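**Q** Here the protein sequences line up with chains C and L, keeping their order.
Position 230 of the first sequence, counted from 1, bears residue number 230 in full-length UniProt numbering, the numbering being contiguous throughout.
Position 74 of the second sequence, counted from 1, bears residue number 74 in full-length UniProt numbering, the numbering being contiguous throughout.
In case anyone wonders, no lab produced these hints; they're calculated from the structure.
Fair warning: there could be bad hints in the mix.
Claimed, not checked - Computed list of chain L residues with no C-beta within reach of chain C, every gap over 12 Å: (1) Q3; (2) Y4; (3) E20; (4) G35; (5) W37; (6) V38; (7) A44; (8) T48; (9) V60; (10) D85; (11) K89; (12) Q93; (13) L96; (14) R105; (15) S109.
Claimed, not checked - Heads up, simulated SDA-like pairs for lysine to any residue below, C-alpha to C-alpha not over 20 Å straight-line: (16) L:K89 <-> L:S13; (17) L:K89 <-> C:A178; (18) C:K157 <-> L:E80; (19) C:K157 <-> L:D18; (20) L:K89 <-> L:V107; (21) L:K89 <-> C:P164; (22) C:K157 <-> C:L193; (23) C:K157 <-> L:I78; (24) L:K29 <-> L:G41; (25) C:K157 <-> L:L88; (26) L:K29 <-> L:E80; (27) C:K157 <-> L:K29; (28) L:K89 <-> C:A346; (29) L:K89 <-> C:P352; (30) C:K159 <-> L:E103; (31) L:K89 <-> C:V133; (32) L:K89 <-> L:I24; (33) L:K89 <-> C:G179; (34) L:K70 <-> L:D11; (35) C:K159 <-> L:D85; (36) L:K29 <-> L:D18; (37) C:K159 <-> L:V107; (38) C:K157 <-> L:P106.
Values in this document were obtained by computation on a predicted structure and should not be read as measured data.
Heads up, the beta-carbon is just placed ideally off N, CA and C, and yes, glycines get one too.
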Amino acid sequence: MTGVAEVIAGVHRDEWARVVATLARRCGDLDIAEEMAAEAFATAVERWPVDGVPPNPGAWLTTTAHRKAIDRLRREARREDKHKEALMLSGPPEPAGAVEDDRLRLLFTCCHPALAVETRIALTLRMVGGLTVPEIARAFLVSEAAMAQRITRAKAKIKAAGIPYRVPSHEDLPVRLAGVLTVLFLIFNEGYLVSEPGEDAVRDDLTTEAIRLTRLVRALLPSDGEVAGLLALMLLTQARRPARVSANGELVALAEQDRGAWDRSLVDEGHALVRGCLAAGRAPGRYQVLAAINAVHTDALDVRDTDWSQVVALYDQLVRLDPSPIVRLNRAIALAELDGPEVALAELAGLPLEDYHAYHAARADLLRRLGRSSEARAAYDRAVELTGNAAEVAYLVRRRDQLAR
Amino acid sequence: MAQYLFNVLHDSSELATDEEMTAIRAFNKQIQADGHWVFAGGLAGPDTSTVVDGRHSEPVYTDGPYLESKEFIIGFWIIEAADLDVALKLASQASLHCNRRVEVRPVLSA
Numbered sequence: 001m002t003g004v005a006e007v008i009a010g011v012h013r014d015e016w017a018r019v020v021a022t023l024a025r026r027c028g029d030l031d032i033a034e035e036m037a038a039e040a041f042a043t044a045v046e047r048w049p050v051d052g053v054p055p056n057p058g059a060w061l062t063t064t065a066h067r068k069a070i071d072r073l074r075r076e077a078r079r080e081d082k083h084k085e086a087l088m089l090s091g092p093p094e095p096a097g098a099v100e101d102d103r104l105r106l107l108f109t110c111c112h113p114a115l116a117v118e119t120r121i122a123l124t125l126r127m128v129g130g131l132t133v134p135e136i137a138r139a140f141l142v143s144e145a146a147m148a149q150r151i152t153r154a155k156a157k158i159k160a161a162g163i164p165y166r167v168p169s170h171e172d173l174p175v176r177l178a179g180v181l182t183v184l185f186l187i188f189n190e191g192y193l194v195s196e197p198g199e200d201a202v203r204d205d206l207t208t209e210a211i212r213l214t215r216l217v218r219a220l221l222p223s224d225g226e227v228a229g230l231l232a233l234m235l236l237t238q239a240r241r242p243a244r245v246s247a248n249g250e251l252v253a254l255a256e257q258d259r260g261a262w263d264r265s266l267v268d269e270g271h272a273l274v275r276g277c278l279a280a281g282r283a284p285g286r287y288q289v290l291a292a293i294n295a296v297h298t299d300a301l302d303v304r305d306t307d308w309s310q311v312v313a314l315y316d317q318l319v320r321l322d323p324s325p326i327v328r329l330n331r332a333i334a335l336a337e338l339d340g341p342e343v344a345l346a347e348l349a350g351l352p353l354e355d356y357h358a359y360h361a362a363r364a365d366l367l368r369r370l371g372r373s374s375e376a377r378a379a380y381d382r383a384v385e386l387t388g389n390a391a392e393v394a395y396l397v398r399r400r401d402q403l404a405r
Numbered sequence: 001m002a003q004y005l006f007n008v009l010h011d012s013s014e015l016a017t018d019e020e021m022t023a024i025r026a027f028n029k030q031i032q033a034d035g036h037w038v039f040a041g042g043l044a045g046p047d048t049s050t051v052v053d054g055r056h057s058e059p060v061y062t063d064g065p066y067l068e069s070k071e072f073i074i075g076f077w078i079i080e081a082a083d084l085d086v087a088l089k090l091a092s093q094a095s096l097h098c099n100r101r102v103e104v105r106p107v108l109s110a
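Only chain C is shown next, with the shape it has when bound in the complex:
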């Protein structure tokens, strides 16, 4: 019966969010929903190897969790709150609204703007993603106790402050959805970039989880361009992962990557999403533009085939949406390929990014290409000083040490 453990893991991946979300609506309490869902899965681990896997595992888990919740609320009701039991037994009022999936309600609740950003991330990974508290604590390098407390506090605030369990109204949806996508992108980046020294350069579990959650949002809101854009952006970034770090743990710059090692199926899926966004003819938001930039890069099988004028044009579009210094930095890096390093260096001057490692890394590279070795060396030194990622440090040090004396 080795298969049962795998089946349970698969069902956990596919059904956890639905079980928690359904339960949260039925009993109006995230805490109980989470706890009873976990207990239902524990029961499955016990029963399914003996009784066999039920024909509809998701329904079995929801029913089991719901029964446990009723038992729990009855016990509590006997002690204190009669009202709650009445509510449970009369059946919850079925909510009305535009988009009706409990998982979407759960996601919007976990990403509510009244919660701190790091809390939204933790709550989303626990309640929607089904990661355990120790897993989340490990991913964010905090103690299990601290992470458990963060999640407990968040659930208590949701309850006491009356954060509603619902998909926002039509007028609020764009802003609130942008908040959800920010959380998903932060989870992805945390996995992809890893800012803490001594950590693996790529933490697959978080990137995989972010993609899975974004796929879920896409399934629930299939007509939203920014959701499609974010998913495409993640897929096209993840596709390059096999080529991103060398065998000896050094970061490989995009221009030097073995493009044959890219994951073609992820590239194809990302490209299809970008084409879909273009075909829709809407004014694209920032995720769609970022995805399009990544689509241009992944379109070139050789870095020399990169359509740099297209990349710069897309960055121009991005600057109009988000004129932040980091976007202008990235535009300047692309501009170097089109108009040369001198022009790009002039663009960098005056950007308020003195404490940002990528700014100094970009300057160092431009100075190196202009043959200004001693200035390049100083810029590499500064970049190394500021970066926390071991793979990136290895890359920068090698580049610095290759400079002409």
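Starting from the known structure of chain C, arrange chain L on it as the hints suggest.
**A** Just chain L now, with coordinates in the frame of chain C:
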């Protein structure tokens, strides 16, 4: 329906200007019409405050606020709203009208 306390945060001894008072009155009228109003009031500055400890045989009076801080509460609303989303929308209107930041705290139901 839940109740929420809006604390109006302030950091100087200046009171609300005439324009601010006019805006606050207009906001109050609106939330009364919309059924959110419970109570509201402006407060005198923290230097007028007295802290009382009546848990002992003789009450102890202390001149001044219980917390020395740069910011203090200069006024408040108690409003009624279906949930936090509604309360946060009202609070952002309240903040705009009184021209100060507002802290939203749920009032515990009995």
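**Q** Next step is simple, just say for each hint if it's right about the structure.
**A** Evaluated hints:
1. Q3: Q3 (chain L) not clear of chain C: closest Cβ-Cβ about 10 Å, inside 12 Å.
2. Y4: Contrary to the label, Y4 (chain L) does not stay out of reach of chain C, its closest Cβ about 8 Å off (not over 12 Å).
3. E20: About 26 Å separates E20 (chain L) from the closest Cβ of chain C, which puts it past 12 Å; holds.
4. G35: With a cut-off of 12 Å, G35 (chain L) remains clear of chain C, as the shortest Cβ separation is near 17 Å.
5. W37: holds (18 Å)
6. V38: holds (15 Å)
7. A44: Label holds. Min Cβ-Cβ 29 Å, cutoff 12 Å.
8. T48: holds (31 Å)
9. V60: holds (32 Å)
10. D85: Its Cβ does come within 12 Å of chain C, the nearest being 5 Å, so this is violated.
11. K89: Incorrect as stated: the minimum Cβ-Cβ distance to chain C is 9 Å, not above 12 Å.
12. Q93: At about 15 Å from chain C, Q93 (chain L) clears the 12 Å cut-off, so the statement holds.
13. L96: Label holds. Min Cβ-Cβ 17 Å, cutoff 12 Å.
14. R105: Non-interface label fails for R105 (chain L): nearest chain C Cβ at 8 Å, not farther than 12 Å.
15. S109: Non-interface label fails for S109 (chain L): nearest chain C Cβ at 10 Å, not farther than 12 Å.
16. L:K89 <-> L:S13: Violated: K89 (chain L) and S13 (chain L) sit about 28 Å apart, past 20 Å.
17. L:K89 <-> C:A178: holds (18 Å)
18. C:K157 <-> L:E80: holds (18 Å)
19. C:K157 <-> L:D18: violated (37 Å)
20. L:K89 <-> L:V107: holds (17 Å)
21. L:K89 <-> C:P164: holds (13 Å)
22. C:K157 <-> C:L193: violated (31 Å)
23. C:K157 <-> L:I78: Holds, at about 19 Å.
24. L:K29 <-> L:G41: holds (14 Å)
25. C:K157 <-> L:L88: Given pair K157 (chain C), L88 (chain L) holds - Cα atoms ~14 Å apart, limit 20 Å.
26. L:K29 <-> L:E80: Distance of about 14 Å is within 20 Å: holds.
27. C:K157 <-> L:K29: Cα-Cα ~30 Å, so violated.
28. L:K89 <-> C:A346: Not OK: K89 (chain L) and A346 (chain C) at ~45 Å, beyond 20 Å, violated.
29. L:K89 <-> C:P352: violated (34 Å)
30. C:K159 <-> L:E103: holds (18 Å)
31. L:K89 <-> C:V133: violated (33 Å)
32. L:K89 <-> L:I24: It holds: about 16 Å lies between the C-alpha atoms, which stays within 20 Å.
33. L:K89 <-> C:G179: holds (17 Å)
34. L:K70 <-> L:D11: holds (6 Å)
35. C:K159 <-> L:D85: holds (13 Å)
36. L:K29 <-> L:D18: Measuring from Cα to Cα gives roughly 17 Å; hence the hint holds.
37. C:K159 <-> L:V107: holds (12 Å)
38. C:K157 <-> L:P106: holds (10 Å)
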